[in-house]
Structures are given as C-alpha cells and as structure tokens.
Amino acid sequence: MVAIRVENLTKYFRKGKNVIKAVDHVTFRVSDGVAFGILGPSGHGKTTFLRLIAGLEVPTDGYIYFDDELVSAPNRVVVEPERRNVAMVFQNWALYPNMTVYDNIAFPLKMAKMSKHEIDKRVREIAEELELTRVLNHYPKELSGGQQQRTALARALVKNPKVLLLDEPFSNLDAALRDSARALVRRIQRERKLTTIIVSHDPADIFSIADIAGVIINGKFAQVGNPSDIYSKPATTIIAALSGDVNLMSAKVIEENAVIANLKIPLPVSEKEVGDEAIIGIRPDEMKLLIEMAQGIQGFVNVGKVKVKVSSYSLGVFRVVVSPVADESIELVAVSDEPIQPGTEAYLYVRKDRIKVFAKDGRLIA
Amino acid sequence: MNSRYIIKVIKYALLQLVVAIFVVLWLIPLYAMLIGGFKTNMAAASTPIFRPPSQISTEAYYFDWFGFGTLIGLEYPMMRQLLITVPVALTSVILGGMGAYYFYVEMERRPWVSNLGFSIISLAAFLPAQTLTIPIIELTSSLGIYQTYWGLAFAYFVFYLPMSALLMSMFLPVVPKYLLESARLDGARDWATFWHVVFPIVLPGFLSTLIFVFLMVWQDFFIPLIIATKPSLYMLPVAARQYVGGYAILYNRSFAAGVITSAIPLVIFAFLGRYFIRGLAALGGGAKGV
Amino acid sequence: MSRQALVMAIPTFIFGGVLVFFLFWNLIISFQNWSLFNPIPSFVGFETYAYLFTRNFFYASLQHTVIFTLGLIAIGDVLGLLLAALLYFIPSNIQRSIYLSIFIYPLAVPPTASALVWLWLFNPQIGIDWILSSLHLPTIPWLVTPTTTYIALVIVEVWAYTGLAVLFYLAAFLSVDRSVIEAARLDGATGMRLLFRILLPNSMSGFIVATALLFLFSFRIFDIPFIMSGSATSPTLMTLVTYIYYLYAYAENFSAAAALATLVAVIAAAVIIPYALLGLKRWVFRK
Numbered sequence: 001m002v003a004i005r006v007e008n009l010t011k012y013f014r015k016g017k018n019v020i021k022a023v024d025h026v027t028f029r030v031s032d033g034v035a036f037g038i039l040g041p042s043g044h045g046k047t048t049f050l051r052l053i054a055g056l057e058v059p060t061d062g063y064i065y066f067d068d069e070l071v072s073a074p075n076r077v078v079v080e081p082e083r084r085n086v087a088m089v090f091q092n093w094a095l096y097p098n099m100t101v102y103d104n105i106a107f108p109l110k111m112a113k114m115s116k117h118e119i120d121k122r123v124r125e126i127a128e129e130l131e132l133t134r135v136l137n138h139y140p141k142e143l144s145g146g147q148q149q150r151t152a153l154a155r156a157l158v159k160n161p162k163v164l165l166l167d168e169p170f171s172n173l174d175a176a177l178r179d180s181a182r183a184l185v186r187r188i189q190r191e192r193k194l195t196t197i198i199v200s201h202d203p204a205d206i207f208s209i210a211d212i213a214g215v216i217i218n219g220k221f222a223q224v225g226n227p228s229d230i231y232s233k234p235a236t237t238i239i240a241a242l243s244g245d246v247n248l249m250s251a252k253v254i255e256e257n258a259v260i261a262n263l264k265i266p267l268p269v270s271e272k273e274v275g276d277e278a279i280i281g282i283r284p285d286e287m288k289l290l291i292e293m294a295q296g297i298q299g300f301v302n303v304g305k306v307k308v309k310v311s312s313y314s315l316g317v318f319r320v321v322v323s324p325v326a327d328e329s330i331e332l333v334a335v336s337d338e339p340i341q342p343g344t345e346a347y348l349y350v351r352k353d354r355i356k357v358f359a360k361d362g363r364l365i366a
Numbered sequence: 001m002n003s004r005y006i007i008k009v010i011k012y013a014l015l016q017l018v019v020a021i022f023v024v025l026w027l028i029p030l031y032a033m034l035i036g037g038f039k040t041n042m043a044a045a046s047t048p049i050f051r052p053p054s055q056i057s058t059e060a061y062y063f064d065w066f067g068f069g070t071l072i073g074l075e076y077p078m079m080r081q082l083l084i085t086v087p088v089a090l091t092s093v094i095l096g097g098m099g100a101y102y103f104y105v106e107m108e109r110r111p112w113v114s115n116l117g118f119s120i121i122s123l124a125a126f127l128p129a130q131t132l133t134i135p136i137i138e139l140t141s142s143l144g145i146y147q148t149y150w151g152l153a154f155a156y157f158v159f160y161l162p163m164s165a166l167l168m169s170m171f172l173p174v175v176p177k178y179l180l181e182s183a184r185l186d187g188a189r190d191w192a193t194f195w196h197v198v199f200p201i202v203l204p205g206f207l208s209t210l211i212f213v214f215l216m217v218w219q220d221f222f223i224p225l226i227i228a229t230k231p232s233l234y235m236l237p238v239a240a241r242q243y244v245g246g247y248a249i250l251y252n253r254s255f256a257a258g259v260i261t262s263a264i265p266l267v268i269f270a271f272l273g274r275y276f277i278r279g280l281a282a283l284g285g286g287a288k289g290v
Numbered sequence: 001m002s003r004q005a006l007v008m009a010i011p012t013f014i015f016g017g018v019l020v021f022f023l024f025w026n027l028i029i030s031f032q033n034w035s036l037f038n039p040i041p042s043f044v045g046f047e048t049y050a051y052l053f054t055r056n057f058f059y060a061s062l063q064h065t066v067i068f069t070l071g072l073i074a075i076g077d078v079l080g081l082l083l084a085a086l087l088y089f090i091p092s093n094i095q096r097s098i099y100l101s102i103f104i105y106p107l108a109v110p111p112t113a114s115a116l117v118w119l120w121l122f123n124p125q126i127g128i129d130w131i132l133s134s135l136h137l138p139t140i141p142w143l144v145t146p147t148t149t150y151i152a153l154v155i156v157e158v159w160a161y162t163g164l165a166v167l168f169y170l171a172a173f174l175s176v177d178r179s180v181i182e183a184a185r186l187d188g189a190t191g192m193r194l195l196f197r198i199l200l201p202n203s204m205s206g207f208i209v210a211t212a213l214l215f216l217f218s219f220r221i222f223d224i225p226f227i228m229s230g231s232a233t234s235p236t237l238m239t240l241v242t243y244i245y246y247l248y249a250y251a252e253n254f255s256a257a258a259a260l261a262t263l264v265a266v267i268a269a270a271v272i273i274p275y276a277l278l279g280l281k282r283w284v285f286r287k
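Residue numbers (our numbering), protein chains in the order written: chain A, 1 to 366; chain B, 1 to 290; chain C, 1 to 287.
Watch out, some of these pointers could steer you wrong.
What the hints assert, rightly or not - To give a feel for the contact side, a few chain B residues facing chain C, derived at Cβ under 10 Å: (1) L15; (2) G67; (3) F68; (4) F103; (5) Y149; (6) H196; (7) L207; (8) I226; (9) L233; (10) Y243; (11) I268; (12) G284.
Everything labelled a hint here was simulated from the structure, so no lab data went into it. Glycine included, C-beta positions come from ideal geometry on N, C-alpha and C.
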C-alpha cells in the first residue's frame with residue numbers, strides 16, 4: 001500500500017514532425033489505499049499516465065514518487081517496472097496463451113522465486129476468492145470473457161502488489177457482465193485497501209470504483225474531485241459529456257429563464273451572471289416524462305410540453321427521445337419507467353437542483 | 001446437358017492438365033536421380049537416363065558410400081555433415097532468435113541503430129559468400145582453426161547466425177508487445193521472458209527458421225570448399241562433387257551420390273516442408289496465407 | 001537500464017560485426033597488390049581494380065552474370081506468375097499445397113546434387129536429347145556451344161528458383177480480401193478477367209519480392225556453374241562469383257579476388273539494403 005506522488009509529470013511523443021503532448025505537466029497525489037479514477041476520451045493521455053506510473057514509459061519531464069522513493073525522473077526510469085511491485089490489468093488482459101490459468105497466476109510468484117508450496121497455496125487462495133478454481137487447468141482461449149478477466153485480476157493480485165493499475169478493464173466484457181465485474185473490483189480494492197488507479201472512457205467504471213476521479217483532456221487534468229461532484233457539477237460541457245449521458249442545448253436567456261423553443265427552464269442564478277445566451281445541460285436521469293400534468297413533484301419543475309419521437313430500451317430503463325412541440329429539430333434524451341408511444345405528447349419535468357448552466361464557451365456558471 | 005456446365009468442366013480439365021504438365025517437368029530431375037541410382041553399371045553404360053531400370057541394384061550406392069582408390073567414399077563426409085549441421089543450425093537459430101528478440105524490444109527507440117542492425121543481418125543473409133573468401137580464410141588461419149570443424153562452424157556462423165536473426169525477426173511480431181510488458185510487471189527479466197513467454201508462442205516460427213537454416217547449411221558447398229579442403233575433412237557436398245562424371249564415373253554413380261546427398265533434405269522437406277516454405281516466405285517479408 | 005536482452009544479443013552482434021569487419025578487410029586488400037607473386041603486399045591504390053578491368057575473364061563473367069540474372073528474372077517472373085495463377089484456381093487446398101511443394105523442392109535439394117543430375121540430363125546421347133530424338137525432334141547440343149550452354153544454365157536456374165516467384169505471387173493473390181473476390185464474382189468476373197482486373201493489380205508486393213529474390217538468388221549462384229564448368233575451369237559458365245574463386249584458387253591473385261569481391265558486394269548491397277529497409281523492416285516494425 002503506497003501513496004503515489006506525481007510532480008510536473010510530462011510525456012511528449014514525437015511522430016515525424018509532430019509533437020504529441022500525451023501528459024502535460026501534471027502534478028498530483030494519490031493517497032495510500034485510495035482508488036483514483038481517470039476519465040477521458042481516447043488518445044488524451046489516460047493510458048500514457050498509467051504506463052508512466054508502471055514504469056513502462058519514461059517521463060519527458062517530471063518526477064514520480066512511491067511514498068518517498070523516487071521511481072521515475074526526467075528521461076530516466078529509476079526503479080524498473082520489474083521491481084516496482086506494481087500490478088497492471090491490461091485492456092485485453094494480456095494472459096499468457098501458452099500457460100494454463102494456474103501457471104498464469106503463478107507466473108509472478110515463480111519470477112519472485114517463491115517455493116512451490118507457497119506458490120500453490122497463494123494461487124489456490126486467490127483462485128477461490130475469484131471463483132476460478134474449476135478452470136485452473138484450462139488455457140486462456142478456453143475461458144469466457146469474465147473468467148479471463150478474473151484470471152488477469154488474480155495474476156495481478158497474487159503478488160500482493162503495492163499499486164493496482166487498471167486500463168479499461170471492462171471494455172472487452174459483455175455489457176451484462178460489467179456490473180458484477182465492477183462490484184468485484186471494488187470489493188477487492190476496499191478489502192485490501194489497495195492504492196488503485198483505474199483508467200476508463202466509461203464513466204460507469206469510475207463511479208463504481210473510484211473514491212476520487214480526474215478528467216484528463218489533452219494531457220491535463222481538467223477537473224478533479226469526487227465522482228458524484230463531477231457528475232453533478234462538471235466544470236465544462238466536455239466534462240459533462242465525458243462523465244455521463246447529458247443533453248446539452250443552446251438556450252436564450254429571457255427573464256430568469258433559459259428558453260429552448262417552447263421549454264422554459266428556470267435559471268438557478270440571476271440572469272445578469274449568465275448573459276444573453278447559455279448552454280443548458282440536463283442528464284436523462286435528471287428528467288421525468290409525465291403524460292398528465294401532476295400537481296407538483298418534489299424537487300422537479302415542469303418546463304413544457306414535448307413530443308415523443310423514439311422509444312427504446314437499454315440496460316433496464318426506457319430511453320425516450322423527445323422534442324419540444326414547438327421545434328422538432330431539437331432532440332432530448334430522457335428516461336422513463338414505461339415505454340411511451342412515438343407521437344404522444346408529454347410534460348417534461350426537470351430536477352431543479354440539477355440544472356447546469358454553461359456559458360457559450362462551455363464553462364460552468366452554475 | 002447445360003453447355004455452360006460443359007465449358008466449366010473443360011476449363012477445369014484444361015487447368016489440371018496444364019498444371020500437371022509443369023509438375024511433371026519439375027519432377028524430371030528427381031525422377032532421373034531416383035531411378036538412375038538403382039541401375040547396374042551395365043545399365044548405366046547402355047541405357048538412356050529416363051528408362052526405368054530393368055533390375056534394381058545397389059552397386060552404385062555401395063561404390064559411392066565406400067569410395068574407390070582416390071575417390072573418397074561418402075560415408076564419413078555424410079557423418080561429418082550431420083555432426084556439424086545439426087549443432088550449427090540449432091545454435092544459430094537460438095542465438096539468432098535472441099538477437100531478434102533484442103531488436104524487437106529495444107529498437108523502436110533508436111531508429112538509426114535498428115536500421116543499421118537490420119541492414120547488416122540482411123547483408124549476411126543475401127550476400128554471396130564468395131565475396132568474403134579471403135578474409136574468412138585469413139582469419140581462420142590466424143586463429144588456427146583453418147581446416148578444422150571449429151573453422152567451419154565459425155564460417156557458417158558468420159552467415160547463418162545473422163540470417164537466423166533475420167528470419168526470427170520476421171516471426172517474432174506474432175508475440176504482442178503487451179505480453180512482454182505484462183511479463184516485465186510480473187518481475188520477469190529478459191531471459192525469463194524469452195524462454196517462458198516468447199519462445200512457446202513463436203515456436204512454429206522457430207521451427208520454420210530451424211528447418212530452413214538446417215537445409216541451407218546442409219547444402220552449403222562453398223564454405224566447406226574453402227575451409228575443409230583436406231580429403232580427410234571433406235564435407236558431403238564437396239565429396240559428392242567427385243562423382244560428377246567423366247572417367248570411371250557412370251551416371252548411376254553420379255545419381256547415387258546425388259541421392260545420398262539429398263536424402264536427408266528431401267525427407268525433411270517431405271514431412272516438414274510446410275515449415276521450410278514458411279521460412280522461405282519469411283525472406284520475402286512474411287507471405288502469409290500460404 | 002541494464003537489459004539482459006543486450007547480453008543475449010551479443011553473439012548476433014559479434015557475427016554481424018565480423019561480417020562488416022570482413023567487408024572492410026576485403027576493401028583494404030583490394031587496394032593492395034597481394035598475390036602469389038607478391039607475397040608481401042603493398043598499397044597500390046586502384047591499380048588492382050584497373051588490372052581487373054583489363055582482364056577478359058572479368059568482362060566474360062560480367063556478361064554471363066548479366067545473362068543468367070536477367071534470364072532468370074524475366075523467365076522466372078513470368079512463369080512464376082503463370083504458375084501462381086494456375087495454382088490459385090485449383091479448388092483443392094491439399095492439391096495446391098502439394099503442387100506448390102513440387103515447384104519449391106529444388107530449393108531443398110543440395111545444388112551439388114542438382115549439378116550432378118543436370119550434367120547428365122544435358123548429355124547428348126542419353127539425357128534430354130534422347131527424349132527429343134525419340135519424338136523425332138531436333139536435338140540440342142547442350143554445353144557444346146556458348147549459346148546452348150547459357151540456355152542450359154538458365155534452364156537449371158529456372159527449375160531451381162521459379163518456385164520462389166510462384167510462392168510470392170501466390171501469397172499475394174491469396175492475400176487479396178475474400179470479400180473483394182466475392183464481389184467481383186457476383187459481378188460476373190471469373191477466370192481470366194478475375195486474374196487481370198483483380199488479382200494482378202493487387203500483386204505488386206508479390207512482384208517486388210519475387211523480382212528482388214530472383215535477382216539475389218541468381219546473382220549469388222555458385223555451386224551449379226562451378227560444378228558444371230568443371231570446377232571453374234571452363235570459362236563459358238564463369239560468373240562474377242565463380243571468377244572470384246578462380247582468382248583466389250587458380251590465379252592466386254588475392255588482391256584481384258578481393259577487388260572483384262568488393263565490387264560484387266557493392267552491387268549486391270545496392271539491392272539488399274533497400275529491400276531490407278523498405279520491404280522487410282516495415283513488416284517487422286509496423287504496429
């Protein structure tokens with residue numbers, strides 16, 4: 001269990017004449033036992049950051065410390081990956097195809113020259129914890145996706161690493177398996193109080209596992225904080241989109257309301273702070289669709305009438321695409337408890353405290 | 001009957017026929033060599049090459065194997081050839097494979113070094129050995145290994161070790177880099193990674209390289225020609241040359257010598273030809289799918 | 001960063017280094033006048049090269065090498081393409097592999113054995129000529145006149161190395177995406193049209209590899225002309241590389257041998273290095 005400290009960490013890649021700033025002067029700290037999530041679009045530096053921590057990449061500039069020990073310095077890997085006691089679960093799990101599950105898991109222990117007896121004990125322990133006992137003699141290609149992933153996890157954990165790094169660990173799994181996989185990782189992380197960094201473009205991964213999250217855009221952390229804070233108060237429209245589904249709509253500011261076609265959304269702050277135009281962000285789960293006007297739902301405000309365009313189903317909820325009745329070219333995605341026929345008109349209710357107001361340049365105002 | 005169908009059948013038959021003709025042409029030398037070696041001396045003196053023998057005789061083989069007078073028999077050269085070729089091929093491919101591994105893991109960062117290295121091993125693979133005649137002889141003489149097995153092995157290594165590295169370089173990319181990284185994080189250093197992770201995955205490529213290099217070393221005529229010139233050291237290709245023809249050599253003896261020289265390579269090709277072809281294809285940059 | 005891989009690669013470095021060392025050593029000797037008559041060599045600049053350029057054998061061997069190499073490339077490329085096309089249309093995979101093996105097996109046969117066999121095949125009484133005369137066709141005086149001798153060697157080369165071209169053209173054909181072929185088939189293209197419109201345009205890679213390798217294998221061919229010319233004693237089959245051996249073993253003019261060797265190495269390198277860097281390396285290091 002170790003605290004990771006990163007100072008001014010920078011990694012540039014040269015591709016012909018172009019310089020790509022994968023990680024751009026990042027200073028950061030992950031405390032002992034904390035699970036830190038890195039969210040961001042592909043190609044913006046998440047994986048590079050992870051690889052720098054693992055020692056698989058050499059920093060162009062900056063320092064990395066494990067507790068107080070310097071492990072990476074500018075143009076120098078001070079402590080090699082083999083000796084950092086870091087475990088990494090790759091996106092495609094990187095299982096050794098010519099070894100059985102048992103041998104895969106045992107491999108790091110074998111490299112550490114542990115006794116056969118001790119290796120056997122540890123492998124079987126972790127196999128049981130991750131429900132792999134029955135497949136210990138199988139080869140990776142004979143396993144299901146979930147089993148492969150748990151094998152990769154077992155191999156990572158069996159050597160009692162100081163740090164656990166996860167690179168998009170669930171993206172190769174069927175959607176249905178992801179929730180149980182996330183729960184498993186969270187449980188393991190909490191139980192072992194393992195300093196963990198998880199990298200993903202899927203906000204669900206971050207929310208389920210991370211204590212603190214950072215959003216990386218162009219090699220820099222654009223926002224760092226509690227995952228739920230990032231979700232409800234994203235610093236920019238881009239971060240709002242990265243951290244979950246969100247409807248972003250251009251609105252005109254008229255008398256304390258943001259107006260989008262026939263929809264009137266009350267501003268949580270004074271009109272003066274906002275200006276003439278704004279971008280309103282509301283997430284699908286922050287809305288409700290009601291066919292008949294209700295008396296008043298606690299915390300929600302009726303913003304206007306919409307017409308249903310398409311109704312579909314995904315992961316246990318009904319996603320409904322609606323348009324303001326006055327302008328069918330604008331589309332919003334909302335969530336509903338029941339399927340609603342296309343063409344039906346309904347009232348859109350929005351959570352008052354979740355209305356996000358962004359300036360035209362994308363920055364959050366409220 | 002459908003006329004289109006008939007045309008299709010004719011086309012197919014034509015295809016098979018034309019291919020068959022070429023196939024037969026290609027097999028002619030092999031055919032001649034095989035049946036010729038089993039003819040009696042009388043038959044060799046009087047019948048054309050292509051007529052099958054009326055009686056099978058091994059007297060040509062007997063003659064070639066034990067030699068006669070100043071003609072060195074092929075028995076000892078054959079044994080020497082086996083004794084040298086197997087370890088040389090095996091060593092070349094293993095050491096060359098390690099060299100290829102180094103290229104694979106280290107050379108992305110320093111392009112000019114990898115270009116240089118790659119050029120050198122390609123030169124070694126394709127340069128005619130005759131261009132280095134004098135340096136090879138001079139060096140092996142000064143080292144005192146001229147006219148010895150060590151000298152032979154040294155000369156073979158100059159060409160075939162880099163060639164092995166070249167071929168293994170073509171096969172190594174089948175091991176994804178992330179597996180190597182995973183092994184590093186698991187605490188494995190290069191030696192362990194090479195044997196536990198890389199080698200099992202690249203085994204087919206290793207076999208292809210091994211078989212290709214074995215056959216190339218086996219048929220190498222020039223290096224034994226210049227290094228093992230003493231009759232007591234004759235290697236197989238050089239010894240077989242004595243049976244070319246001319247006085248006292250009838251063609252059954254020439255062909256028997258040919259068979260003795262080619263027996264092992266052809267058997268290997270018959271059973272493991274797939275690997276040889278893949279090794280050959282690697283020289284062309286992979287040629288996948290064949 | 002100390003890597004065990006570096007240590008593991010040392011043998012490769014050593015022998016690669018030896019190769020380069022030998023090339024330079026050759027170069028140095030070529031600037032001397034070392035021979036049986038000059039056992040203690042001295043530096044003479046380009047004199048040895050000038051001497052080499054006055055020798056008839058040099059021009060003869062150069063001419064022969066050009067003939068044999070161009071002959072093999074021209075015939076090998078065309079024949080290889082034709083055979084690859086024929087093999088491509090054979091429906092049975094097993095049959096195709098077997099036939100391909102038959103075109104390639106000459107590469108596994110020690111050239112010594114091939115030379116032995118072909119010499120007899122070119123015998124005017126009992127070899128190929130016997131078949132020709134049985135069919136009442138005119139016989140060819142192989143190995144008697146220079147022209148027929150050249151033809152004979154080119155025939156042997158074609159038999160030995162066309163398999164290379166077949167292999168690489170076939171590989172190029174087979175690598176054309178199945179969906180492209182199927183789309184073409186649905187559009188009604190079969191046989192010749194498929195060959196010319198779809199397969200050929202996509203086999204540039206096959207052409208480059210086949211031609212480069214045919215050149216390199218032909219350029220370095222030693223055993224067969226050596227043996228068929230009675231151990232380099234007959235000038236008709238003398239090629240650049242057999243001339244190197246001749247200079248070393250018979251004329252014992254070591255500097256001349258080194259000079260010729262340097263020239264040959266330069267020509268070979270001019271093909272090998274671009275081929276290696278553009279063709280092979282790209283394959284290895286692409287991500």
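The hints, checked one at a time:
For L15 of chain B, the shortest C-beta to C-beta distance to chain C is roughly 6 Å, which falls under 10 Å, so the interface hint holds. Taking 10 Å as the C-beta cut-off, the interface hint given for G67 of chain B is violated, the closest approach to chain C being about 16 Å. A distance limit of 10 Å between C-beta atoms decides the matter here; for F68 of chain B the minimum to chain C is near 17 Å, and the interface restraint is violated. For F103 of chain B, the suggested interface contact is upheld, since its CB lies about 8 Å from the closest CB of chain C, less than 10 Å.
Contact between Y149 of chain B and chain C, as hinted, is not supported at the beta carbon level, the nearest pair being about 17 Å apart and thus beyond 10 Å. The restraint placing H196 of chain B at the interface with chain C is violated, with a minimum CB-CB distance near 13 Å, outside the 10 Å limit. Residue-level restraint check for L207 of chain B is violated (minimum Cβ-Cβ distance to chain C is 15 Å; threshold 10 Å). The criterion of a C-beta within 10 Å of any C-beta in chain C is met by I226 of chain B, whose closest approach is roughly 8 Å, and the hint holds.
Of the supplied interface hints, the one on L233 of chain B is violated, with its beta-carbon coming no nearer than about 16 Å to a beta-carbon of chain C, more than 10 Å. Hint status for Y243 of chain B relative to chain C: holds, with the closest Cβ pair at about 7 Å, below 10 Å. Because the closest C-beta pair between I268 of chain B and chain C is about 7 Å apart, less than 10 Å, the hint holds. Taking 10 Å as the C-beta cut-off, the interface hint given for G284 of chain B holds, the closest approach to chain C being about 4 Å.
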